[in-house]
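Number of protein chains: 2
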Amino acid sequence: MKLTWNRFSPGVWRAETGSEPITLTGLSGVDPAPGLREGPEADFPVDVEADETSEFLVLRIPLSDEERIFGCGLRFHSIVCRNTVVHLRADHYHGNDDGRTHAPVPFFVSTGGYGFFADTPDPVSIYIGTTQRLSDKPEVEERDRATDPQWRCYNSPEFVEIAIRSKKARLVVFAGGIGKCVARFNLYCGGGFIPPKWGLKLWHRTGMSMTGRDVLALVGEYEKRKFPLGVIGLEPGWQSNSYPCSYEWSTRNFPEPEKLLDDLKQRGIRVNLWENPYISEKSELFRELKPFSADHLVWGGIVPDYTLEPVRSAIKRHHAKHHLALGVGGYKLDESDGYDCWLWPDHARFPSGTPGASYRNLCGLLFERITSELYRENGRRTCGLTRSGNAGGCSFPYVLYNDRYDFREYLAGLCSCGFAGVLWTPEVRTAANGDEFLRRIQLAALSPMLVINAWADNTVPWSFPEVEDAVRAALALRTKLTPYLYSAFARYHFEGVPPYRSLFMDYGYFLSDNRRSGKLDSTKNPYQEVVQKDITDQFLLGDSLMAAPLEPGKRSRTVLFPPGKWFDFHTGEFVSDGGAKTIEVPENAPLPLFAPDGAVVPLEENGRIEIRHFGTKPGEFVLYDDDGESFDYERGKFTRTVLKSDGSRQVETVPGAGMTPRSE
Amino acid sequence: MKLTWNRFSPGVWRAETGSEPITLTGLSGVDPAPGLREGPEADFPVDVEADETSEFLVLRIPLSDEERIFGCGLRFHSIVCRNTVVHLRADHYHGNDDGRTHAPVPFFVSTGGYGFFADTPDPVSIYIGTTQRLSDKPEVEERDRATDPQWRCYNSPEFVEIAIRSKKARLVVFAGGIGKCVARFNLYCGGGFIPPKWGLKLWHRTGMSMTGRDVLALVGEYEKRKFPLGVIGLEPGWQSNSYPCSYEWSTRNFPEPEKLLDDLKQRGIRVNLWENPYISEKSELFRELKPFSADHLVWGGIVPDYTLEPVRSAIKRHHAKHHLALGVGGYKLDESDGYDCWLWPDHARFPSGTPGASYRNLCGLLFERITSELYRENGRRTCGLTRSGNAGGCSFPYVLYNDRYDFREYLAGLCSCGFAGVLWTPEVRTAANGDEFLRRIQLAALSPMLVINAWADNTVPWSFPEVEDAVRAALALRTKLTPYLYSAFARYHFEGVPPYRSLFMDYGYFLSDNRRSGKLDSTKNPYQEVVQKDITDQFLLGDSLMAAPLEPGKRSRTVLFPPGKWFDFHTGEFVSDGGAKTIEVPENAPLPLFAPDGAVVPLEENGRIEIRHFGTKPGEFVLYDDDGESFDYERGKFTRTVLKSDGSRQVETVPGAGMTPRSE
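Quick mapping for you: the protein sequence lines, in order, are chains A and B.
Under the numbering used here, the first residue of the first sequence carries the number 23, and numbering increases by one thereafter.
Under the numbering used here, the first residue of the second sequence carries the number 23, and numbering increases by one thereafter.
Honestly, I wouldn't trust all of these hints.
Because identical chains share one entry, a pair is satisfied inside a single copy or across any pair of copies.
Straight-line distance between alpha carbons at most 30 Å, and here's what the computed DSS-like set of lysine-lysine pairs gives [stated by the list, open to error]:
1. 343 <-> 190
2. 338 <-> 159
3. 576 <-> 666
4. 159 <-> 343
5. 312 <-> 159
6. 189 <-> 659
7. 159 <-> 304
8. 24 <-> 312
9. 304 <-> 287
10. 666 <-> 587
11. 248 <-> 587
12. 639 <-> 338
13. 603 <-> 639
14. 248 <-> 189
15. 659 <-> 223
16. 24 <-> 304
17. 24 <-> 555
18. 246 <-> 219
Since the hints were derived computationally from the structure, they do not count as laboratory data.
Work out the full structure: start from the sequences and follow the hints.
Structure follows, in structure tokens:
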């Protein structure tokens with residue numbers, strides 16, 4: 023079948039199969055961001071062959087030998103995708119990068135100069151370099167594995183095949199390098215969010231059944247110990263019923279929620295409320311939403327169909343009355359990923375006709391939509407946590423989290439999230455010892471959202487006295503970096519550049535490739551042959567910093583420095599001019615953080631901005647600021663200040679050129 | 023929708039949806055075994071509610087609080103199924119019992135007195151106690167997780183829901199206890215196979231590129247060291263091309279295959295040939311089968327559609343000429359499970375119209391069919407190895423294996439396979455040390471097929487001199503147990519009782535259930551609450567022995583003894599009268615093996631049968647024998663001898679009653 027690609031904006035094309043396909047971006051209700059109109063124009067970058075079977079719409083794109091693919095949803099073990107298959111599906115991550123993940127985003131980008139987005143909530147499988155067709159046979163050179171050392175698991179020609187379990191879909195192609203394609207994808211999905219400034223502060227999620235009185239005591243303890251706190255997150259017990267949820271205050275635990283929220287507001291603390299999507303018969307919403315719910319229950323609660331406008335309106339009305347009117351700052355949506363078995367089944371029927379499997383890919387996204395619109399309609403920014411997201415949610419101020427609590431996975435999530443158009447937070451719960459606790463706090467303090475989740479264990483920053491000073495230093499660094507991070511979020515919003523991203527996004531796939539020379543170990547699996555070079559333990563935050571966290575218990579690690587000179591952020595000293603280097607890290611030392619030659623980094627020190635410059639090259643930084651609370655920045659009410667260095671430590675401050683305000 | 027259940031045989035009923043559904047048993051070409059006609063009759067044991075969505079046929083069965091489910095395919099971590107979901111799909115097992123497995127058998131059995139079999143190659147998902155419907159709401163009692171200690175992840179009413187991605191299916195229900203239902207399922211699928219006697223001996227799979235000369239040298243070494251060998255398995259290099267395969271001899275490595283096979287036959291050794299399903303253009307079969315192949319290639323080879331009779335005939339004709347005529351004993355089919363990425367995609371088109379995902383569930387099964395029929399047509403028994411199987415293959419003489427090489431998984435596979443209607447072998451490759459090698463050999467020596475797979479590392483029984491005597495003892499035990507095991511296979515064939523099985527199959531779910539009292543560990547995942555008692559490290563072989571293998575490196579373990587007295591097989595001493603007991607196992611000691619009170623076990627000692635009796639209770643054993651090579655046993659040419667003990671060590675030998683010959 024023939025696809026007709028229509029130019030949508032510079033370097034962006036769309037094609038549709040079937041009439042009026044239902045799309046992720048359509049369901050998110052968000053328009054592409056104005057930044058998408060920026061150039062450069064480009065030629066259509068890729069051959070896409072389309073085909074239909076009785077069950078699938080199938081796309082096929084050639085894959086060259088040196089090409090690498092990134093994306094295919096949020097990943098936790100690998101970033102480089104080659105010779106692998108993903109069956110994208112919202113689920114709790116269960117240990118394999120096979121497509122079952124918290125953000126099953128049907129988008130990928132290729133080092134070959136294009137990005138591809140299947141804008142559909144229906145199940146999408148992506149086969150990367152694993153398929154050949156009978157019609158390719160003349161070009162396929164057969165080799166004999168037993169005798170020919172040139173035999174390969176995968177041989178040319180190679181392809182990416184995308185199979186969509188639906189005949190109706192909108193397809194989007196982006197042109198550019200991998201960074202440009204990701205930025206265009208993000209802008210296409212509405213552009214990144216800018217959190218309220220309070221969202222960048224320390225979050226503390228309380229124990230499951232804490233009362234209002236307990237909360238005030240906890241906040242008092244934070245104040246006494248001088249740990250500045252930004253947000254209190256109330257876990258299930260704030261509600262009159264949870265699992266399933268009432269979304270209404272427990273009169274026993276929180277007899278005077280309005281007074282509590284006022285009190286906390288006086289102390290500069292916002293409140294975030296935990297919810298899951300399953301509604302209790304005790305909720306005011308139950309009777310109204312029952313007719314708009316799935317034919318299956320979860321934890322005995324109804325599963326409202328968020329694709330329906332009456333459902334979204336009812337939830338907004340309810341939440342405005344019970345929460346916003348009291349000053350609640352936002353939400354955490356739990357359990358929308360389901361662990362597969364804590365969810366409606368694929369055969370569940372939803373009133374809108376959305377298949378159960380497709381609604382899985384939508385539930386978290388649409389919760390983000392409902393609550394984002396609610397706050398936008400009230401002129402206040404929000405931000406929060408969610409267990410599942412998808413493409414189309416880029417402008418919704420949510421970060422993803424999960425339960426696995428594996429340090430390496432949490433770190434890899436930060437490396438991969440930028441390729442999936444989402445943000446990831448490695449939340450801190452408790453730890454086996456002070457060293458682990460510190461490493462986790464240090465990582466969280468450099469992440470999109472700094473969350474201590476004391477749901478199960480009443481952890482506090484001072485839980486491990488032996489590292490209390492080092493924890494305090496990590497939290498202080500977070501505060502110092504606020505203007506820097508806030509400016510990175512502004513770039514996410516206006517230009518689509520993720521504030522947290524893989525080294526590959528800025529530096530390309532700069533590693534030598536030894537994927538085909540894996541050594542056999544026959545005490546384990548002697549057939550495992552595919553080894554790929556990947557970087558899943560270092561990430562970029564903003565444009566000028568690279569983090570190389572240390573795993574708990576480790577005192578040294580290898581850091582891979584991209585080409586160019588690199589400097590230690592903490593000391594300013596020269597560290598490397600590219601390549602691998604082992605670094606030693608003393609006990610309780612800060613998280614290893616590096617800046618490239620010429621980097622300019624603004625730091626907040628006691629309420630004023632101090633500017634640091636690294637190395638000897640000239641450089642600049644665009645410092646963004648606004649009121650931190652409202653959407654006035656969308657109408658041009660923000661400042662941009664260009665911080666310029668000529669290469670010496672002197673930095674010049676230049677008022678920035680106005681940016682194009684976002685059109686409403 | 024209404025299902026009409028038709029009685030098929032005593033305690034077996036069938037219902038169909040759609041006209042002439044394609045079934046696994048139909049595709050396997052096997053008729054139910056005569057033993058299925060045995061009683062007792064029973065009432066239809068279960069309520070099955072049927073429903074159709076746009077995509078699925080959905081069945082629903084009530085699940086009581088104390089009920090447990092077993093089956094749902096070959097599993098490697100757990101046997102007890104409750105509050106879990108499986109999406110059955112042939113695949114290399116990748117660490118989770120989520121339905122992706124080498125034998126995705128859509129069958130389960132309940133302690134509630136029934137078995138259920140969805141006789142379809144199409145994708146089947148089974149939701150066990152994880153779904154409730156809106157229509158159940160009046161019966162669902164809501165609780166509040168934050169305040170009510172009685173809150174549960176799953177609450178009543180509970181159900182099993184089965185979703186079949188197809189509107190046409192045949193459903194089969196069995197009545198009886200779990201052992202009876204499993205036996206009826208196996209008989210429905212044709213009854214278990216009886217291997218040729220040589221199949222129970224030691225198998226050695228050679229290095230990938232071994233020549234005929236190397237093979238003879240190896241066999242000479244076995245003879246010199248007096249390690250009796252039954253089968254030589256030739257790995258990929260025997261072919262003129264492998265990955266993809268020619269199925270024809272390599273003239274370089276095997277210039278005179280006929281002479282080699284004759285030579286080996288003289289020494290009492292059979293030859294087994296490795297194959298994968300993907301056919302090279304160098305094969306005589308290529309041109310003939312290309313029109314009957316999928317539209318996708320694997321490793322550059324065509325993927326023939328085994329559901330088509332011309333394909334099966336062509337392969338039989340080819341293999342008869344190139345292999346059987348020379349005396350080849352059988353096959354090992356590799357790579358039919360695919361690791362997901364080494365396979366055709368789900369959207370591949372097959373000439374028969376079989377969907378790609380359904381063909382995944384069939385490929386291994388149909389290879390078993392082709393080769394089983396080939397040998398049957400020649401009047402000789404075969405046996406071999408396969409990487410994927412399914413329901414319908416019970417009478418095909420194949421055992422499953424995989425690559426993971428995890429000792430605990432290999433052991434759990436032996437415990438679970440009986441619930442899936444398949445057999446599993448924990449093959450031995452190399453090891454990190456002698457202790458591990460010994461533990462692996464000991465486990466393999468008690469399994470359905472004793473295989474050393476030296477494909478990658480040239481392992482031999484004497485690879486670790488420090489345990490050579492202990493290895494020799496393990497192999498000797500295998501030989502002694504041959505009549506016992508052979509009789510167990512006869513029961514598999516005539517009565518459907520698996521020779522390898524879980525303790526639960528004979529003793530019921532006899533453990534106390536603490537699945538709802540899991541302790542939180544917030545240094546890990548603080549939300550993990552479901553803990554189930556399971557037994558995945560002990561199994562029954564035959565009717566009179568229980569194995570409790572030791573993991574490599576361990577010198578003690580806890581053994582769970584079912585109610586009643588148990589005796590040490592090796593010493594005859596009393597060990598336990600039920601319950602958990604820690605046993606100590608000296609270095610290089612044999613694998614812990616126990617017999618219940620009254621057990622009678624025949625042992626082969628220097629060509630004659632020695633009979634052992636354990637404990638003081640009377641007992642008996644039915645010793646089966648036949649020519650060990652032909653199918654004459656199906657025409658009544660076998661002997662049954664009842665070995666009876668009155669409780670003293672005296673054993674009386676009684677010629678057995680004739681069994682009903684299998685009708686041809």
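Quick rundown of the hints versus the structure:
1. 343 <-> 190: Answer is neither: 39 Å inside a copy and 50 Å across each miss the 30 Å cutoff.
2. 338 <-> 159: between (57 Å within a copy, 25 Å between copies)
3. 576 <-> 666: neither (38 Å within a copy, 65 Å between copies)
4. 159 <-> 343: between (65 Å within a copy, 27 Å between copies)
5. 312 <-> 159: between (55 Å within a copy, 11 Å between copies)
6. 189 <-> 659: Neither way: residue 189 and residue 659 sit 44 Å apart in one copy and 59 Å across, limit 30 Å.
7. 159 <-> 304: between (63 Å within a copy, 13 Å between copies)
8. 24 <-> 312: between (43 Å within a copy, 27 Å between copies)
9. 304 <-> 287: within (29 Å within a copy, 78 Å between copies)
10. 666 <-> 587: within (19 Å within a copy, 85 Å between copies)
11. 248 <-> 587: Classified as neither; 38 Å inside a copy, 66 Å across copies.
12. 639 <-> 338: For residue 639 and residue 338, the Cα distance exceeds 30 Å both inside one copy (51 Å) and across copies (73 Å).
13. 603 <-> 639: within (22 Å within a copy, 71 Å between copies)
14. 248 <-> 189: neither (58 Å within a copy, 65 Å between copies)
15. 659 <-> 223: within (23 Å within a copy, 83 Å between copies)
16. 24 <-> 304: Classified as neither: same-chain Cα gap 53 Å, cross-chain 36 Å, threshold 30 Å.
17. 24 <-> 555: The answer is neither: 37 Å in one copy and 56 Å across copies each exceed 30 Å.
18. 246 <-> 219: For residue 246 and residue 219, the Cα distance is within 30 Å only inside one copy (23 Å; across copies 80 Å).
Violated hints, listed in ascending order, are 1, 3, 6, 11, 12, 14, 16 and 17; each of the other numbered hints is respected by the structure.
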